[in-house]
Structures are given as structure tokens and as C-alpha cells.
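Place chain B on chain A using the hints.
Those sequence lines, one after another, are chains A and B. If you're matching positions, the first sequence starts at 3 in the numbering used here and goes up one per residue. If you're matching positions, the second sequence starts at 3 in the numbering used here and goes up one per residue.
It is possible that part of the hints are untrue.
If chains are identical, the list can't say which one is meant, so a pair holds when it fits in one copy or spans any two.
Stated by the list, open to error - Pairs of lysine-lysine residues, derived as DSS-like cross-links and limited to a Cα-Cα distance of at most 30 Å, are as follows:
(1) K96 <-> K113
(2) K453 <-> K340
(3) K41 <-> K260
(4) K456 <-> K380
Note that these hints are calculated values from the structure, not bench results. Since this is a predicted model, take the numbers as computed values, not measurements.
There are 2 protein chains.
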Amino acid sequence: MTKDGKGNSDKGNDKKAQQYGVTPQSVDFNDWYNEVVKKADLADNSPVAGAMVIKPYGSALWENIVRWLDDRFKATGHESLVFPTLIPMSFIMKEADHVEGFAPELFTVNKIGTEDLTEPYVMRPTSETIIGHMWSGWLNSYRDLPFLHYQWGSVFRAELRTKAFLRTSEFYWHEGHTAHVNELEARAEVRQMLDIYHEFCRDILALPVVRGEKTASERFAGALATYSIEGMMRDGKALQSGTSHYLGQKFSKAFDVKFQTREQKEDWAHTTSWAISSRIIGALIMTHGDDQGLMMPPNIAPIQVVVIPVGRKDNFDEMVAEGEKLAAELRASGLRVKVDKRDGVSNGFKYNDWELKGVPVRVELGPRDLESGVVVVKNRNSAEKETLPRAEAVGGMTDRLAGIQGWLLKRATDFMLDNTVNVDTYEEFKAAIEAGKWVRAFHCGDPESEKAIKDDTKATARNIPLDDAEFFAEAEEGVCVHTGKPAAYGKRVIFGRQY
Amino acid sequence: MTKDGKGNSDKGNDKKAQQYGVTPQSVDFNDWYNEVVKKADLADNSPVAGAMVIKPYGSALWENIVRWLDDRFKATGHESLVFPTLIPMSFIMKEADHVEGFAPELFTVNKIGTEDLTEPYVMRPTSETIIGHMWSGWLNSYRDLPFLHYQWGSVFRAELRTKAFLRTSEFYWHEGHTAHVNELEARAEVRQMLDIYHEFCRDILALPVVRGEKTASERFAGALATYSIEGMMRDGKALQSGTSHYLGQKFSKAFDVKFQTREQKEDWAHTTSWAISSRIIGALIMTHGDDQGLMMPPNIAPIQVVVIPVGRKDNFDEMVAEGEKLAAELRASGLRVKVDKRDGVSNGFKYNDWELKGVPVRVELGPRDLESGVVVVKNRNSAEKETLPRAEAVGGMTDRLAGIQGWLLKRATDFMLDNTVNVDTYEEFKAAIEAGKWVRAFHCGDPESEKAIKDDTKATARNIPLDDAEFFAEAEEGVCVHTGKPAAYGKRVIFGRQY
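So that you can see chain A by itself, here it is in the shape it has in the complex:
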């Protein structure tokens, strides 16, 4: 084994290895994203307008995301259900704001078998309406509440310009739906779920996100209050990564979700909904990548360690067997490990391939290493290879992965803080947005002004950080950066361009 990544076999493949690379992130972020998604085997375009195919590596990543969240939902007392994919068109029409928000994006089913439908169905854009309808039949007394429900599935919203994971006509998510006896309990639920999302992003995906409330014009169609977590991508744009809504009694009144109170009176339930979708994979890619490709956070990575047996033709099988032994030892510590047994591609090709796929740690094992009792280890976030005693490499792997996880969170946090500026004039505001930054500015709260800012700069109010948000939570008074009127909210609002 040599140290320059060129092992023993076909050097002709080095050209292929180069071709396999991607446009550097620093050259064209958009091209880099699209190429990484395809070449890392995350997703592919489909023949269905706006829909993607999630490929094995992307699917394994999504499964890990689903499993963590699902465990957490269950641990906090939520129950999964399965509601139909179709919703009667008339249901969507029942809540006025909801109609307005979703009508332009609906997929309509007009025909079943040979029968033309007089009452069409829509493919769900979200399920508040049909769930409200079902709850109405299930709810009698305050004793039945709370309903703490969620489902995993896909939803459908027409998109003109699509981008894998970020904006697809069919996307994948859980939607949580809960019903409570009063506002207090409902709002506590809304907050609990936002905090779970925040914890998930920070501790598992290594994504620093800002918890905050949306301004009125950025609310979910039908909500009284919408809370979000917002992350900064490496091009400075914001990505709304999860939302939690307090719906008041709007849907419960539209769908008659009514119960007898402890005091024997009638009341309508206070409801919530919350979601994280497959676009979180877009956030992960655009937060952690570099010019070489993806960087998977170890805590969610489908493959945490890849073992590459480095042999010549006459001892390749033996090295593969040794690689499997090493993998078995690593798996015994609960790690997700893959042995790259591919024959007929060069080591250089393999190294590039796993770098592009963002596997946190690569272990190379060659015949001479075996003799000397060492292995060569390379972290995805470092340019250096290390030669280590085998036992040390194995024993230290969990700590090594934790170190990479921490490094990713710190890099992303530093990047977000470095690219967020406080501005107090509209000129500064525009210049900072143009420079690809987030701005923290006072705002009067007038939706007309928000709209004018958006038309002018393409930036929108991302959220108003909560008092206990990890970032940007300071209480402060000032005047609106746009209108000069007194500022609302008692603190600065985050503005930025968004995905």
C-alpha cells in the first residue's frame, strides 16, 4: 500500500476517479448539489413531473431519520395512525385560509376505473381536514383527549421548479396532529415538538437551527401561530427545516371536533400540527458538504466506517476476509460498517467514491499493514491519513466519530454566526442580503412592509427567535429597518433568502 491513495491495481481508472468527482461547491453551489445528489446515489429524477426517486443510500439515510424521530414520538406518548392518501375535494374547501393556501398546488383525481367522479378527490397536500373529520367521530368527552397522533407518508403539492429533496411535487414526511382540551395544553405540545426537532437537528444531524415564531404572513395556511427551525446553508440561504403549528379551534370548528367538558359543557378541541419532511436531507447536504462531496454526520450516517481492503489480484480475497474481520469488530461496538469488496475499480476510485458519499471514517487495510499490525485511518473532515495500531483504531472509533460529529456542528455554527449580521439601516440590509448573509433587523410587523422587502431583496422574515432560543434571542428595542416605525416583537427578526 502506498500513502498517496494509489494502491496496486489499474492506474487507468484514475481518470475515471477524476470524472467521478463533482463541480466544487465553491465554484457552483447549485451544480455541486445536483451532482452530489445523483453521484452519491441519494436520488434520481423520475419520469413523473416534479417527483424524485430516492435511491438506496438516500433511503437508508431517511430510514435512520424516521427511526430516531419515531422513537421519540412514541416516547412522548404519541400514536401512529394511517390515513388515506386521498381527501374529498370538499374537505379542503371547508377551512377558508386552508383553501387559499393549497388550491393552486392540488393533484386532482377525477376518475376511478372507468367512472368519472362527480365529487373529485385530491391527493393530500397535508391531512388536517380528513383527520379533523375522523376525530369528530371519535371524540365524545374530555376523557378521550388528548389525541396525540402522527403518520408517516408522502404528500403532494405541485411545484414548477423542482430540486431533489428540497422542492419536489411528492415529498416524504411525518405529520403530527394533536387535539387538546384547551389552548394551554395545545401550545405546550406545539412547543414540545419544536424542541424535539431542535434537539434532533443539533444532536443527531449536527445542524444548528434557530427556533422562532413565524411572522403572520409566513404562517401555515390555517394556523394561529407557526413556529419553525431555520438553518443556514453554505451559500448563506435559509432552509426552514421543521414547523410546529398552533391551529386554535379553526379546524375543530370547521370539522366539528367537539367534546363534553369536565363541567358538562360543549367545547371544540384546540389542535396542533407539526412536521419535518425529506427536505431535511437537503439541509444536511447543504450544511455539511465541501468541494469533495457530502459529509454525513456520524450519528445519522447510513455507513459510519468504510473498510477498504487494499490487495493485489493474488491476495485480494485474503484482504477482503481481513476487512470483514475488522468490520465485525467495529460492528460489535454497535457501529454501521461497510466493507468495499468491489473488484475491478481502483483504490483511488473507491477513496473518491466514499469521500463523495461523505462516510465519516475510512479504514484502509493492506497486506503490509496486516503484517505490521496497523491500519490506515482517514477522517472525512481531514486531509491527513493516520497509521495506527489496529487495536487503537478499533477501540477509539466511537470517540473518533463523536469528534467528527462535534466538528461538523461547530463548523456549521461558526458559519451561521459568521454570516449573520445586525443591521440598522435598509441600505445595510440590502447590502448584507446581496452578500448572501442573514440579517438581524428590527421590523414593524406590517405584512405590507414584509412584502415590499421581499419584492425588493428576495429576502423574507425567517423567524422571530424564541426567548430561550440558542441563538439570536436577545431582547432589544428599536425602529423598523424598512418603515422607521416602532419595532414589533421586542427583538430583532431574522431575514434571509430562502430555499
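Chain B alone, transformed into the frame defined by chain A:
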């Protein structure tokens, strides 16, 4: 605590407990089924034609099914992917048999947003076509094969008369799709998956099923060979519980799934598909139930043990705390345990409720039991309660559950064997079918004759048991029970009415 199931609290609720019961299975199997599904909180009707809502207890059961199968698919080298829910109508039209099979059942999407589509989409009835299309783009060389793919999701097939889990317009499943270099490998895959389904049914769901090949007229639309597992319900009807298809090169030729062989020639892949759907829950219900309701096989039961604290008003909280302690001990052995903490319903109501839901073991814990260091244990499949030392009850729980699992499989196997008869004349055939049995008969293999038998008796050929099937595999020669011609297949075919 008393032993007759009437504890201490409100006797008035005994009436409610009776009302809570279901029509006995022996009185009306169909009513029993529909009532059990609703009252056990498995599923509910939905406002969408032919679609159901799967409620928490049903969803938890389905999740256990998904988890077991998913682990097994991964362990046998399969990878999950996610394909779009919609398929271009033109794709469905490409494989002639496929069109004919599915056209009458399709859900058609004609409109997206405000745009009327000139090229409509269908909601997938199954995904061979779009997967074939994608494979065509991914496949180059024999080195790329096999593709061992599957996805979890729902599919859509219009149904006029629906029945929860058994026949719904939207149903839930995995669909496996694999592509291979030759027929031999593809057929090995088809058989491997059938055997996994068989193992799952027998060892996990306690369902005896017959592995066999379908006759030509019962094949999947587009398959060269279809294999199924067939189970017998407690009304004597058959339920096809899983299928595995060899598709030859039909779909790969229709979608150009072509590769360069080791010998540098061009060939089309040999493909397979296989599925178990949410109807397996119907099979489970109809195989294991009794007059009181469900009987969940312990190996898949969402709740394996329910602990019922039996206290009066003044010590109920204390008994709940003791119940939680007991549950924690049981959970420490890896068991799925629920403590019924409901206040305001009688013990009798709770007992009936959990019997109806089919929880394998109930443990009652009252103040006097606590003092004496005993608990009262009742198996779902027995009328007797046992009073046991607490440590014995806890320590013996895993064996107790295994015993119930074995009892269920034996009961179902005996039932199937007792209700299957060999017949050699068409009169015997008709009489046995009329009596609700399966018949084993020789058949000439003529599809016209199968059709005539179906029109005459409503019975269809379920399958031709494989040579190594656990049941009914004997090689035998004879003449067709219907036409008198020489029998095909070299053994008797199973006929029965089906769900």
C-alpha cells in the same frame, strides 16, 4: 380481589362490558370480523371510497410486521428505495397483460393545480412499470446486477365491495423488485422470498400456509409464474397471504432493461416481484380469533402482556404504581407490556376489552395479591385464571408466551387439516366446497375448466403445492375431477372459496 372478574368498583358498568362484546364468530363470521376490527381499535371506515383509516392498535401491529420483514429483506441483501406514487398512464399501457389486468381498477389524475393534463397519471396499482423505466437508466453491465430492491408504501386499486384490511382501494405493502442476469438466479430469488414469507407466517404470525404455484389463470398480470402462500380462515375460506412472481423478460423488454453480458453481448434482465400487504392482518384476525374477539400471536402482538391494577378508590394509585413495577420487570426481559391505568371503568370492562383486543396474557394485581406475594394470570387462549407467586409469573412469562404462540399455530394447523378433503368426483367436490372446506382434487390444467368450476361453485384453484411444501405436497397421478382428462401437475390442486 375476587376471582370472577368483578373487582370492587362500579357494577353498573357490567352492562357496558356486555355491550362492548362482539357478535360471536360462530353466529356470524362477517359481523364478528367487522365488529372486532372496529372495537379492537384496529381500523375505521373513511370518507374516501373504499379506503380505511388504520387506528393506533392496528398501526402498531403493522409496524411490527414491517419491522420483521424489513430486517429480513436487508439481511438477505435487499435495498429499500422510494419510487413516486404516480405513474404515467403510458407506462401502464406498455405491457399488454399488465394493462388488461389493471386498467379497470385505476385511479386517474387528470389535473395538477389548475392545469388539465394531456398525459394523465395513474396512482400506482403496483410499480413494475416505473421501476422498469428507472432500471433501464441505471443498468449497463452484468456487474451492476442483481438489483435487489423493495419499497414500502401504498397502492391503489378500485374495489366495489370493501372490507377493512382484506379488500380496500388503498392498501399498504412492500413490493420487492429484483433484476438478474439469468432465469436461474431470478427463479432462486422468487423461491427465496416465498420461503421467507412462509417462515414469517409460520414462526411469527402462527399462520400455517401452503406454498405453491398458481395455475396459469390465477397468475399476476404479466408474470410467467406466480407462487403464493395460502391460509385457511376459520370460515374455511382461503386467503392468499403473499405472492412471489417470476416475470421473465416481459417487463425488461417492455422497458428496455438491458445489459452487456460477461461475454460482451446484449441481454435483457430477468425480473421478479413479490409482496405481502396489509391484508395479512385480515388473515391473522380470521385465523386466530374466537367468539370473544382477537387472539394476537405473541411474537407479533403490539402488547404481549397487559397488567391490570385492581384497586378501590382509596388505593388505586398505589396499585397502579405496583403495576408499573411489575411491568418494568417484564419489560426488562424484552417484553411489550401495557399497564391499564384507566380510572372510571370497571375491571370487568377492562378484562373484556383486552380479551377482545387479543392480548396474549393478562396479569391482575390487587392489594391482597400484593400482600400474599402472588398475581393472577390469565392466558387469552384459556378460560382459567391461575394464582401464581409473583416471581414465577415474571420468570415464566417468556415461556408462557411461547406456549401460546405454539398453541395458536397448532390450533390453526389442525383446523386447516381437518377442513381439507381429498375428492375424486365432481359431486364430492361441490359438496365439500358447499360445506366450507378446501378440496384437494386432480385437475387437467385447462383454464376453461377452472372458469366453469368457479362459475359453478365459486371455488378457485388456490395453488399447486410445491414438492417441499409443508402440507399437501404428495406426488400423485389421477384424472381431472371436472373433465375426466388426465391430470396435470403430478399432484392434487387445492381448490377453495377465497377472500
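Structure-based check of each hint:
In this assembly of identical chains, the alpha carbons of K96 and K113 lie at most 30 Å apart whether taken from the same copy (23 Å) or from different copies (21 Å). In this homomeric assembly, K453 and K340 never come within 30 Å of each other (Cα to Cα): the closest approach is 50 Å inside a single copy and 52 Å across copies. Proximity of K41 and K260 under a CA criterion of 30 Å is satisfied inter-copy only: 21 Å between copies versus 52 Å inside one chain copy. When the C-alpha separation of K456 and K380 is checked against a cutoff of 30 Å, the pair qualifies neither within a copy, at 45 Å, nor between copies, at 67 Å.
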